[in-house]
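*Asks:* Each chain is listed here by its residues.
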Amino acid sequence: MKKLVAVLLSIVIILTFVACNKENTSNVDVLQENGEKIATEITEPVTIEFWHAMSGANGEALEKIVKDFNEEYKNVTVNLIYQGNYKELFEKLTGAAKANQLPTLTQIYPNRLSGYIMNDLVEDLTPYIFSEEVGFSKTEFEDIPQVFREGGIWDDKYYAFPFNKSTYLLFYNKLLLEEQGVKPPTTWEELREAAEKLTIDKDGDGKADVVGLGLQNSVGIDFSFWMEQAGGHLINEISNTEYELLFNSDAGVEAFDFVSGMVKDGVARLAGEDKNITGPFARGEMAMGISSTSGIPYIEEASTGNIEWDAVVLPKHKKEAALFAGTDVAIYNTSTAMEKLAAWEFIKFFVNKENTTYWATNTGYLPVRYSAINDAKYQQFIKEYPVKGEGLKQLEIGFRDPKILNGYAIHSNMQQALEEVIAGEKTSKEALEEAMKKTKEDIDQALQNFGLN
Amino acid sequence: MGSDKSYKSFIRGLLYLLPSLVILGVFQFYPIIKSLDMSFYIRYNYFKDVVHQRGFGNFIYIFNDNQFRIALKNTFIFALGVVPASIILSLGIAVLLNTKIKLRGFFRSIYFLPFVTSVVAISIVWRWIYHSRYGLLNYLLGLVGIYPIQWLTDPKWAMVSLIILSIWRGLGYNIIIFLAGLQNINLQYYQAAKIDGASKWNRFRYITIPQLSPTIFFVSIMSLINAFKVFDEIFALFDKRPGPLNSCLTVVYYIYDQFANQYKYGVASAAVYVLFIIILFFTLIQLYIGRKKVHYD
Numbered sequence: 001m002k003k004l005v006a007v008l009l010s011i012v013i014i015l016t017f018v019a020c021n022k023e024n025t026s027n028v029d030v031l032q033e034n035g036e037k038i039a040t041e042i043t044e045p046v047t048i049e050f051w052h053a054m055s056g057a058n059g060e061a062l063e064k065i066v067k068d069f070n071e072e073y074k075n076v077t078v079n080l081i082y083q084g085n086y087k088e089l090f091e092k093l094t095g096a097a098k099a100n101q102l103p104t105l106t107q108i109y110p111n112r113l114s115g116y117i118m119n120d121l122v123e124d125l126t127p128y129i130f131s132e133e134v135g136f137s138k139t140e141f142e143d144i145p146q147v148f149r150e151g152g153i154w155d156d157k158y159y160a161f162p163f164n165k166s167t168y169l170l171f172y173n174k175l176l177l178e179e180q181g182v183k184p185p186t187t188w189e190e191l192r193e194a195a196e197k198l199t200i201d202k203d204g205d206g207k208a209d210v211v212g213l214g215l216q217n218s219v220g221i222d223f224s225f226w227m228e229q230a231g232g233h234l235i236n237e238i239s240n241t242e243y244e245l246l247f248n249s250d251a252g253v254e255a256f257d258f259v260s261g262m263v264k265d266g267v268a269r270l271a272g273e274d275k276n277i278t279g280p281f282a283r284g285e286m287a288m289g290i291s292s293t294s295g296i297p298y299i300e301e302a303s304t305g306n307i308e309w310d311a312v313v314l315p316k317h318k319k320e321a322a323l324f325a326g327t328d329v330a331i332y333n334t335s336t337a338m339e340k341l342a343a344w345e346f347i348k349f350f351v352n353k354e355n356t357t358y359w360a361t362n363t364g365y366l367p368v369r370y371s372a373i374n375d376a377k378y379q380q381f382i383k384e385y386p387v388k389g390e391g392l393k394q395l396e397i398g399f400r401d402p403k404i405l406n407g408y409a410i411h412s413n414m415q416q417a418l419e420e421v422i423a424g425e426k427t428s429k430e431a432l433e434e435a436m437k438k439t440k441e442d443i444d445q446a447l448q449n450f451g452l453n
Numbered sequence: 001m002g003s004d005k006s007y008k009s010f011i012r013g014l015l016y017l018l019p020s021l022v023i024l025g026v027f028q029f030y031p032i033i034k035s036l037d038m039s040f041y042i043r044y045n046y047f048k049d050v051v052h053q054r055g056f057g058n059f060i061y062i063f064n065d066n067q068f069r070i071a072l073k074n075t076f077i078f079a080l081g082v083v084p085a086s087i088i089l090s091l092g093i094a095v096l097l098n099t100k101i102k103l104r105g106f107f108r109s110i111y112f113l114p115f116v117t118s119v120v121a122i123s124i125v126w127r128w129i130y131h132s133r134y135g136l137l138n139y140l141l142g143l144v145g146i147y148p149i150q151w152l153t154d155p156k157w158a159m160v161s162l163i164i165l166s167i168w169r170g171l172g173y174n175i176i177i178f179l180a181g182l183q184n185i186n187l188q189y190y191q192a193a194k195i196d197g198a199s200k201w202n203r204f205r206y207i208t209i210p211q212l213s214p215t216i217f218f219v220s221i222m223s224l225i226n227a228f229k230v231f232d233e234i235f236a237l238f239d240k241r242p243g244p245l246n247s248c249l250t251v252v253y254y255i256y257d258q259f260a261n262q263y264k265y266g267v268a269s270a271a272v273y274v275l276f277i278i279i280l281f282f283t284l285i286q287l288y289i290g291r292k293k294v295h296y297d
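Going down the list, the protein sequences come from chains B and Z.
In case it helps, our numbering puts the first sequence at residues 1 to 453.
In case it helps, our numbering puts the second sequence at residues 1 to 297.
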């Protein structure tokens with residue numbers, strides 16, 4: 001009898017839940033239909049949630065900007081909510097989408113945003129950007145570097161705006177390079193040569209005490225810039241659901257052979273158990289290292305009193321190419337017109353000259369306005385911290401990672417493939433071929449399983 | 001008349017049960033039923049809760065997925081590595097703690113600490129212990145002349161590292177359960193055995209083990225289920241990755257990856273049910289053995 005009651009009760013509960021779900025989905029539809037015209041004036045007090053994943057110095061800088069915004073815009077309160085690291089943030093967004101509890105504003109990667117765009121959950125920012133009342137002027141908009149602007153485009157519409165942008169640089173230990181008479185490399189050949197010269201066995205025990213080049217554990221995940229430099233591409237994205245994977249190319253094999261070759265020959269190593277290269281680089285166990293600019297504050301902290309270092313643009317091969325990583329911000333259209341406008345005002349505030357300068361000087365991220373970059377104040381800052389200027393030299397050769405749904409699979413399978421090649425289990429060609437096959441399966445299965453193709 | 005009374009008491013009983021029924025219903029029964037249903041959704045918009053198509057596709061997909069096979073294999077290796085060793089070790093320690101040794105309470109707390117400490121904190125410490133150049137473990141091994149081991153970066157050793165960490169972490173909980181079981185054994189058995197001249201080993205073998213068998217049985221079932229569900233330790237120890245070369249990719253990690261990162265909601269649910277059936281199968285085997293070997297007095 002008790003069992004029967006339990007079953008009956010759970011059925012009732014399930015039915016209630018199902019009913020709730022149905023109601024909520026219909027609400028979303030109504031909002032979308034009404035959301036076509038954008039609000040241009042905030043007429044009543046609004047409070048919006050901004051979900052983010054910025055901690056430490058980054059989090060403090062963000063808090064300061066939000067505080068300033070809340071003081072300046074009397075009618076708007078931006079409620080900053082830290083949701084853990086990126087992966088945790090994205091998980092919470094998935095749950096929130098399901099429960100129809102999405103925040104107004106969030107930090108997000110393009111390949112994670114695609115799923116929401118394909119479900120019509122993201123506000124098209126185009127009307128805001130080009131609005132006469134609340135938008136940007138043409139010059140103002142073009143003040144934002146193209147690589148950042150284009151990163152936010154899906155189907156010729158702007159859905160995301162640059163937020164915390166970083167790029168990859170070659171960091172080096174000044175003293176070690178000087179001792180060996182090595183200049184910071186500018187090409188792959190020079191990189192290999194430098195790595196060989198800088199791999200030093202001080203005590204003659206047959207094991208290198210200094211390894212020439214340090215690579216992040218995620219070298220396979222962030223492999224696209226090696227690929228681009230070798231003249232290849234990861235993917236050709238035709239539309240949200242049509243794509244062509246390209247990593248099993250001659251360029252891909254060359255890049256894989258080059259990177260894995262250095263590791264196998266012992267002139268480069270992954271951070272491995274050290275989690276990232278900051279520690280070993282700052283201890284002088286790696287003469288050079290390739291890392292995102294977002295790591296600058298940590299490298300600075302760890303190396304104080306240990307080593308002197310600097311950074312230069314990435315070495316080039318067949319062409320120059322630099323990956324611009326970091327997240328964008330997007331507005332969910334599940335909010336009211338007033339909330340969406342408030343979020344837009346915050347985005348504008350965040351990327352204004354003054355704030356983007358503040359953000360770039362206090363974190364490892366880059367300013368996203370030419371006017372801010374060229375301003376005397378920032379130029380002076382670059383003179384004092386040259387490394388903060390290096391990344392900006394790459395703006396014109398910059399590109400972004402794929403936007404496709406489950407683009408995660410590309411990076412994850414590339415990582416797996418590179419690990420296999422380094423371990424000597426497969427040749428570059430075999431590993432890339434298998435990775436490409438698996439990635440195609442993963443992406444197609446995601447599109448199908450998610451009911452989007 | 002009689003039926004009226006039992007009806008009333010039934011209603012009253014139901015009211016008492018209601019809070020826990022609601023909680024169980026929402027957090028246990030609903031997810032169980034929903035994920036079973038979801039495992040058959042082959043085209044399913046998770047955000048909008050629209051099912052476009054149902055079928056067995058997800059099950060076919062996972063059995064053709066090499067990663068899932070690796071995950072199954074790793075999970076079995078992990079369970080085999082952790083469960084027996086953990087039970088033997090914790091039983092041994094529990095027996096020692098049950099004797100009148102000095103600082104007994106202190107040791108009990110020490111062993112229980114890992115169980116209540118956050119996995120993240122534990123993994124930070126263990127990442128250092130396992131560090132090939134600066135780690136404690138390799139230092140100790142170096143003293144006896146063993147060449148440094150790449151605990152975390154060598155795919156051959158990564159699983160061993162995970163198993164060691166998991167045994168250490170689960171020890172405290174098992175010890176507490178065993179201690180409770182040991183204290184329930186009537187001391188008269190031991191006294192009688194001593195009079196008969198039974199050796200220490202014989203007393204352990206013929207009194208402790210049979211008397212403790214329901215506890216051992218319980219611990220073995222719980223340990224096995226927990227071993228099949230391992231996830232946190234991997235996530236923290238290998239920095240959100242499934243170990244070098246997928247060497248620590250387990251079924252739950254696979255489920256997490258498919259669900260949280262790869263939008264394959266149906267596939268993840270199907271994997272959940274495959275795991276459920278595996279656990280059910282082993283629990284049934286244990287129950288069968290248990291019925292024959294366990295003494296309830």
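To be clear, the hints were calculated from the coordinates, so they are not data collected in a lab.
Please read all numbers here as calculations on a predicted model, not as lab measurements.
Worth double-checking, as some hints may not be accurate.
Some residues of chain B that are not near chain Z, with every Cβ distance over 10 Å (derived) [as the list claims (entries may be wrong)]: (1) 44; (2) 63; (3) 73; (4) 175; (5) 203; (6) 231; (7) 298; (8) 302; (9) 338; (10) 387; (11) 419; (12) 420; (13) 445; (14) 450; (15) 451.
Think about it this way: if two alpha-carbon atoms lie no more than 27 Å apart in a straight line, the pair counts; the simulated DSSO-like pairs of lysine-lysine are [to be verified]: (16) Z/34 / B/87; (17) B/207 / B/183; (18) B/275 / Z/34; (19) B/87 / Z/240; (20) B/87 / Z/48; (21) B/67 / B/377; (22) B/98 / Z/73; (23) Z/34 / B/437.
Don't be surprised by glycine CBs; every beta carbon is placed ideally from N, CA and C.
*Asks:* Closest CB-CB distance from residue 203 of chain B to chain Z, is it above 10 Å?
*Replies:* holds (14 Å)
*Asks:* Is the nearest Cβ of chain Z still more than 10 Å from the Cβ of residue 387 of chain B?
*Replies:* holds (25 Å)
*Asks:* Regarding the assertion that residue 445 of chain B does not contact chain Z, is the least Cβ-Cβ distance greater than 10 Å?
*Replies:* violated (6 Å)
*Asks:* Can we trust that residue 420 of chain B is non-interface, i.e. its beta-carbon lies farther than 10 Å from all of chain Z?
*Replies:* violated (7 Å)
*Asks:* Does residue 73 of chain Z sit within 27 Å of residue 98 of chain B, going by the straight-line distance between their CA atoms?
*Replies:* violated (33 Å)
*Asks:* Taking only the CA atoms, is the gap from residue 34 of chain Z to residue 437 of chain B under or equal to 27 Å?
*Replies:* Not satisfied, since the Cα-Cα distance of roughly 32 Å exceeds 27 Å.
*Asks:* Would the non-interface assignment of residue 231 of chain B survive a Cβ cutoff of 10 Å against chain Z?
*Replies:* holds (29 Å)
*Asks:* Can we confirm that no CB of chain Z comes within 10 Å of the CB of residue 451 of chain B?
*Replies:* About 4 Å separates residue 451 of chain B from the closest Cβ of chain Z, which leaves it inside 10 Å; violated.
*Asks:* Decide if the proposed pair is consistent with the structure: residue 207 of chain B and residue 183 of chain B, CA atoms, cutoff 27 Å inclusive.
*Replies:* holds (24 Å)
*Asks:* Please check whether the beta-carbon of residue 419 of chain B is more than 10 Å away from every beta-carbon in chain Z.
*Replies:* violated (5 Å)
*Asks:* Non-interface claim for residue 338 of chain B: all C-beta distances to chain Z beyond 10 Å?
*Replies:* At roughly 24 Å from the nearest Cβ of chain Z, residue 338 of chain B sits farther out than 10 Å, so the non-interface label holds.
*Asks:* Hey, does residue 63 of chain B actually stay past 10 Å from chain Z on C-beta?
*Replies:* Label holds. Min Cβ-Cβ 23 Å, cutoff 10 Å.
Checked against the numbered hints given earlier, the structure breaks hints 11, 12, 13, 14, 15, 18, 22, 23 and satisfies all the rest.
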